[in-house]
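Order-wise, the sequence lines are chains A and B.
Counting from 1, one number per residue, gives the positions in the first sequence under UniProt numbering.
Counting from 1, one number per residue, gives the positions in the second sequence under UniProt numbering.
One thing to keep in mind: the hints can contain errors.
Note: identical chains are not told apart, hence a pair may lie in one copy or across any two.
Said to hold, decoys possible - Here are the simulated lysine-lysine pairs, DSS-like style, with alpha carbons at most 25 angstroms apart:
| no. | residue 1 | residue 2 |
| --- | --- | --- |
| 1 | K260 | K339 |
| 2 | K260 | K285 |
| 3 | K29 | K12 |
| 4 | K185 | K237 |
The set of hints was computed from the structure by calculation and includes no laboratory data.
There are 2 protein chains.
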Amino acid sequence: MRRRITLKQIAKELDVSISTVSKALRESKEISQDTRDKVQAFAKLYNYKPNNIAVSLKNKHTKNIGVIIPEIVHHFFTTVISGIEKVANSKGYNVIVCLSNESFDKEVINMETLANGSIDGFIMSISKETQKKKDFHHLREVVNQGMPLVMFDRVSDEIYCDKVIVDDARGAYQAVEHLIHTGCKRIALITTVDYVSVGKLRTLGYKNALLDNEMGVDEDLIIKIEDIENCDKEIEKLFDLDNFDGVFAVNELFALTAMKIAQERGYRIPEDISFIGFTDGILSKHASPTLTTLAQHGIEMGEIAADMLIEKIEEEEEDESFRTEIIRTSLIQRDSTRKI
Amino acid sequence: MRRRITLKQIAKELDVSISTVSKALRESKEISQDTRDKVQAFAKLYNYKPNNIAVSLKNKHTKNIGVIIPEIVHHFFTTVISGIEKVANSKGYNVIVCLSNESFDKEVINMETLANGSIDGFIMSISKETQKKKDFHHLREVVNQGMPLVMFDRVSDEIYCDKVIVDDARGAYQAVEHLIHTGCKRIALITTVDYVSVGKLRTLGYKNALLDNEMGVDEDLIIKIEDIENCDKEIEKLFDLDNFDGVFAVNELFALTAMKIAQERGYRIPEDISFIGFTDGILSKHASPTLTTLAQHGIEMGEIAADMLIEKIEEEEEDESFRTEIIRTSLIQRDSTRKI
Chain A
1 MRRRITLKQI AKELDVSIST VSKALRESKE ISQDTRDKVQ AFAKLYNYKP NNIAVSLKNK
61 HTKNIGVIIP EIVHHFFTTV ISGIEKVANS KGYNVIVCLS NESFDKEVIN METLANGSID
121 GFIMSISKET QKKKDFHHLR EVVNQGMPLV MFDRVSDEIY CDKVIVDDAR GAYQAVEHLI
181 HTGCKRIALI TTVDYVSVGK LRTLGYKNAL LDNEMGVDED LIIKIEDIEN CDKEIEKLFD
241 LDNFDGVFAV NELFALTAMK IAQERGYRIP EDISFIGFTD GILSKHASPT LTTLAQHGIE
301 MGEIAADMLI EKIEEEEEDE SFRTEIIRTS LIQRDSTRKI
Chain B
1 MRRRITLKQI AKELDVSIST VSKALRESKE ISQDTRDKVQ AFAKLYNYKP NNIAVSLKNK
61 HTKNIGVIIP EIVHHFFTTV ISGIEKVANS KGYNVIVCLS NESFDKEVIN METLANGSID
121 GFIMSISKET QKKKDFHHLR EVVNQGMPLV MFDRVSDEIY CDKVIVDDAR GAYQAVEHLI
181 HTGCKRIALI TTVDYVSVGK LRTLGYKNAL LDNEMGVDED LIIKIEDIEN CDKEIEKLFD
241 LDNFDGVFAV NELFALTAMK IAQERGYRIP EDISFIGFTD GILSKHASPT LTTLAQHGIE
301 MGEIAADMLI EKIEEEEEDE SFRTEIIRTS LIQRDSTRKI
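Only chain A is shown next, with the shape it has when bound in the complex:
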């Protein structure tokens, strides 16, 4: 039985990274001639053929769309997939989903898996690790070979393709202004580490709203969380300061965790501390009190992404222009903030 060797196996065998193998196979100048030769010889020996997307695209339409998302445990990406499914199915396309699990290597492997002739185009949101490494060669390559790509939510300026994003900075600004208008004087921010593009933009919106309202930025009130699953420890530290009356959290898990800690410590919500989140998912609706939040319109985002991709797949002449669609967030007032 002839087994096809995988990128991962080549990397392991030659003791180099998956990224190095991937680049060496494409003759990237970033990789030394010596390593390129070694990788190519090894690949040849084991009959490994890198995908030639351009050839497969010319030969057939598969009517499949590939989607790569960072994770599905949190609600946002599943709503985007619902939107993609809705539009794709109505236009006769199937959707194939792969998860990167926030890993750069898995993202590269996923693209390799899907781009072997199984799909007509990609919709994707990049992993945290890819954002941190700033290594986008795998995306550049599929785009260069003529495979349509639409990025959503977590995107990169370095890739020329269609994109769908929400106005993160404006949404955050709107959230913080809502806290100010409902009487909050000192507002804390619970956000992600800076290399996550959406976290960075939301932090910017938070700071701008404070500055425009002459409130000043207190860096002590900003906590940046790397490990989402264990966010409670970091958030406890914020509560030890005991000097704020409003919290803006960049996702609903952070917001709910903070509300729970506040309740355990005897604060009333929203009388003592008001809370506002980002992403209107299943947790916000079912929280107690229900969470005021910025709706990120995941379903709409998925619908637009699928529309853009299918348009590119089906156009007769190749269109070299790309557009970025910006979805406006909207404020959903519930019980975790005071009424104006």
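Based on the hints, put chain B in the right spot on chain A.
Quick look at chain B alone, frame taken from chain A:
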């Protein structure tokens, strides 16, 4: 450009169902000779080739696993995928996910999409519509051609393959006994319609627990919900009866919706009415009060399914025996039930 015609297009063109096309292409005797001839002639005209799994399996290993699930908006299936990913990745396999959206046609199309040589085996949970129609020809076919298949959660006795299920009837029994032991005298059941296998089994466990405790079954206290998204209307009707002090709900969404209605009507939880759910998802943990529930161990289920599938994929000699792994549910006591 040669476009490959899809099952869906053939069905539309000939004005027959996708199932009919799929069966006619495989020479199924269920379909009239006339229709078979027509479908095959049409398929030939447009170069449609049904997959020959047996041939593709012999030629190569793709190191990809296909997963088909009914939906991802609710938490359970996403936890199973996390478990599958964990084991698959550690053994060098990629995971490709397709959604049936609870539709039989989409399930057939998904299998057709994935079984074209992209994957080495399937892990799947069947759609509601497939359970209702009791049409499993697409599953029988991949199994007959030698493609390894593992079914989980929603399975069918008609298919001979490896399976992973939870002990639904026993779990429900345990839930209802817990309500009885903590003082409930009249226990309502919020369940799904009967053709959903897990709903049926949980209903059975509920009834058995009542009968074994000499409490009798009152059919008025059993409500069967078809449209999950609009379950609140049905649940309101139950509360209009106003003659129960315990609720067992077969999923966490039903349980949370019922708790919200109870709170709106001024009942105290658990003093006036106790609640217990099934599936320990993200909602149960963040509900207020937190929800006592039967953990369904989704991650473990995914891990076992992936282990079983990879074992079958990699075995040297074809093993004709199949096993069904039963995962025991466990009770997680939180604040929606009284303490013993």
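Hints versus structure:
no., hint, in the structure
1, K260 <-> K339, "both (21 angstroms within a copy, 22 angstroms between copies)"
2, K260 <-> K285, "both (15 angstroms within a copy, 11 angstroms between copies)"
3, K29 <-> K12, "within (22 angstroms within a copy, 50 angstroms between copies)"
4, K185 <-> K237, "within (20 angstroms within a copy, 45 angstroms between copies)"
No hint from the list above goes unmet by this structure.
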